[in-house]
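Top line first, the protein sequences correspond to chains A and B.
Note that numbering that gives the first Met the number 0 has the first sequence beginning at 0, numbered continuously upward.
Note that numbering that gives the first Met the number 0 has the second sequence beginning at 0, numbered continuously upward.
Derived by calculation from the structure, the hints in this document are not laboratory data.
A portion of the hints provided could be inaccurate.
When the alpha-carbon atoms are kept at most 30 Å apart in a straight line, the in silico DSS-like pairs for lysine-lysine are as follows [what the hints assert, rightly or not]:
#1 A/Lys284 - B/Lys62
#2 A/Lys265 - A/Lys120
#3 B/Lys121 - A/Lys346
#4 B/Lys62 - A/Lys41
Simulated restraints, written as ranges between beta carbons of each label pair [stated by the list, open to error]:
#5 B/Ala63 - A/Ala306: 36 to 44 Å
#6 A/Asp291 - B/Pro80: 14 to 22 Å
#7 A/Lys264 - B/Asn84: 48 to 56 Å
#8 B/Ala63 - A/Ser141: 33 to 41 Å
#9 B/Asp118 - A/Trp259: 53 to 61 Å
#10 A/Lys181 - B/Asp118: 56 to 64 Å
#11 A/Arg362 - B/Asp20: 25 to 33 Å
#12 B/Lys121 - A/Arg165: 51 to 59 Å
#13 A/Lys361 - B/Thr105: 53 to 61 Å
#14 B/Ser1 - A/Lys209: 27 to 35 Å
Pulled a few chain A residues facing chain B out of the computed Cβ check, cut under 8 Å [claimed, not checked]:
#15 Thr232
#16 Arg294
#17 Thr316
Don't be surprised by glycine CBs; every beta carbon is placed ideally from N, CA and C.
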Amino acid sequence: MLKRTPFYDFHVSMGGRLVDFAGWEMPIMYRGIVDEHEQTRKSGSMFDVSHMGRLQFSGKDATAFLNHVLTRNVAEQKIGQSRYSLVCNPAGGVMDDIIVSRDVKNWIMVCNASNRDKLVKYFHQVRTDRGLDFDMADQTESTAMVAIQGPKVIDRIADILPVDVRAMKRYQFETGSFMLTKFTVFRSGYTGEDGVEVIIPAKVAGMAMKMLAGKMDNPDAAIKPAGLGARDTLRLEAAMPLYGHELGEQIDPISVGLSWAIDLKKDFVGAEPLRKIAAEGPRRKLVGLELDGRRIARQGTPILKDAKLVGEVTSGTFSPTLQKSIAMGFVDADLTAEGTRLDADLKGTPNPATVVKLPFYKRAS
Amino acid sequence: MSAPTNYRYLETHEWHDLQGDTVTIGITQFAADELTDITFVDLPKVGATVTANKRFGEIESVKASSDLYSGVSGTVTAVNPELTNNPGLVNRDPYKAAWMIKVKVTNPAEVNKLLSVEDYLKKTGH
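Turn these sequences into a full structure, and let the hints steer you where they fit.
Have a look at this one:
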């Protein structure tokens with residue numbers, strides 16, 4: 000039995016094509032993946048991301064606990080600040096990538112839908128094993144969350160939200176109240192565009208949706224609904240990693256190029272093996288590839304150099320913005336210089352590609 | 000969901016339009032909608048042979064790639080040049096402008112073995 004977010008009726012009424020995503024019934028698209036992708040880049044889109052895990056931590060040892068399980072040093076994190084971090088296993092592999100935010104009396108963590116149960120179990124275990132004193136609440140099902148992304152978004156919603164969005168810097172968050180409803184607004188996103196992610200109580204989602212649906216139905220609407228298909232093509236153009244593709248329990252985050260999200264001077268689960276990898280250099284590194292032709296190199300595609308296997312694709316698509324076939328993949332470290340010519344082996348045929356700098360797309364600031 | 004009544008179909012969603020001894024082949028709107036935004040169509044060259052119930056090419060979208068099958072045997076006499084740089088045409092006009100190949104068939108009656116529009120729509124759950 001698939002779970003439904005509080006926006007299920009909205010998805011149906013807006014023509015969403017629903018699929019099973021991590022046990023949730025989610026819209027893969029409404030009007031079309033490319034349409035929704037382009038709408039996001041030139042104007043604005045709203046994504047239902049309620050399926051993602053939302054955990055809250057509070058109490059005496061909450062900060063110490065988070066510092067133990069996260070790669071980032073949260074002790075220095077300011078109230079109102081959000082940060083990207085990884086949760087690693089003892090071997091230095093990635094259990095999940097998350098956003099951790101410091102509020103006045105507690106911490107908010109947003110994690111992948113597919114890893115929520117795993118993390119909750121793991122965090123309980125750590126609390127018991129280390130005798131830590133903190134509370135953890137899984138607020139996923141009592142809340143809803145939307146991501147509103149695109150160059151026109153901030154201007155359009157600044158007057159609707161009960162926080163001063165225009166004054167917020169990227170990766171800042173604020174809570175505000177409107178009609179006794181608590182809104183938590185983060186100026187962050189997973190598309191490479193400006194915008195916000197908003198958490199609201201599940202029970203007001205229906206009312207919020209009715210209000211928004213009326214505005215989004217019009218073909219000239221500045222903000223339209225977008226599904227998980229476009230979410231994937233957008234994040235890939237922006238070279239943002241996805242668990243299950245660029246990240247996984249067998250993958251160290253240093254190979255992924257995420258050293259900026261790891262404080263190796265701190266002690267945390269996985270720190271020792273990561274220090275070793277950092278010192279020796281990873282054997283393979285994540286690169287961006289642009290293929291010469293239009294064929295897509297999907298996850299698992301072998302990457303060759305002179306017919307020899309030197310890597311594997313983790314994600315690939317046809318970029319609507321660049322109008323090129325793009326891919327990310329792990330390649331032997333000595334072949335990762337920009338401009339290196341490699342081949343993507345598509346059903347036995349080598350398809351030439353060039354290593355390019357990431358991200359593939361960067362918004363004009 | 001409707002489809003041209005004078006075309007014949009394969010269960011794998013390729014339509015066939017017989018005119019004289021030439022059969023034009025493309026894919027149905029249903030198939031195009033299932034694939035979503037098409038990014039690449041791999042077609043044979045003029046002069047190539049196609050065989051009934053064998054694949055003649057491949058079609059790719061952001062979502063997936065799929066083989067293309069011919070319901071007839073013969074020689075390719077024309078390949079739609081529009082689809083090289085504008086594969087999205089298949090999503091917009093699959094029955095006319097986004098025709099894929101024209102085949103001079105050895106046996107024009109072969110096309111009658113394919114599904115009628117009613118049978119195609121029934122088999123694909125419409």
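The hints, checked one at a time:
1. Of the pairs offered as hints, the one joining lysine 284 of chain A and lysine 62 of chain B holds, with about 26 Å between alpha carbons and a cut-off of 30 Å not exceeded.
2. At roughly 24 Å between alpha-carbon atoms, lysine 265 of chain A and lysine 120 of chain A fall within 30 Å of each other, so this suggested pair holds.
3. Of the supplied pair hints, the one linking lysine 121 of chain B and lysine 346 of chain A is violated, its CA atoms being roughly 34 Å apart against a limit of 30 Å.
4. Our distance criterion of 30 Å between C-alpha atoms is met by lysine 62 of chain B and lysine 41 of chain A, whose separation comes to about 23 Å.
5. For the pair alanine 63 of chain B and alanine 306 of chain A, the supplied restraint of 36 to 44 Å is violated, since their beta-carbon distance comes to about 27 Å.
6. For aspartate 291 of chain A paired with proline 80 of chain B, a C-beta distance near 20 Å keeps the hint of 14 to 22 Å intact.
7. The hint said 48 to 56 Å for the Cβ distance between lysine 264 of chain A and asparagine 84 of chain B, and at roughly 53 Å that hint holds.
8. At roughly 36 Å, the beta-carbon separation of alanine 63 of chain B and serine 141 of chain A lies within the given 33 to 41 Å, and the hint holds.
9. Roughly 59 Å separates the CB atoms of aspartate 118 of chain B and tryptophan 259 of chain A, a value that falls within the hinted 53 to 61 Å.
10. Under the hint 56 to 64 Å, the C-beta atoms of lysine 181 of chain A and aspartate 118 of chain B, about 57 Å apart, fit the expected range.
11. For arginine 362 of chain A and aspartate 20 of chain B, the Cβ-Cβ distance of about 55 Å falls outside the hinted range of 25 to 33 Å, so the restraint is violated.
12. Taken as a hint, the range 51 to 59 Å holds for the pair lysine 121 of chain B and arginine 165 of chain A, whose Cβ atoms sit roughly 57 Å apart.
13. Distance hint check: the CB atoms of lysine 361 of chain A and threonine 105 of chain B are about 55 Å apart, consistent with the given range 53 to 61 Å.
14. Taken as a hint, the range 27 to 35 Å holds for the pair serine 1 of chain B and lysine 209 of chain A, whose Cβ atoms sit roughly 34 Å apart.
15. Interface hint status for threonine 232 of chain A: upheld, as the beta-carbon distance to the closest one in chain B is roughly 7 Å, under 8 Å.
16. Below 8 Å, beta-carbon pairs count as interface contacts, and arginine 294 of chain A has one with chain B at about 6 Å; its hint therefore holds.
17. For threonine 316 of chain A, the interface hint holds, since its Cβ comes within 8 Å of a Cβ in chain B; the closest pair sits about 6 Å apart.
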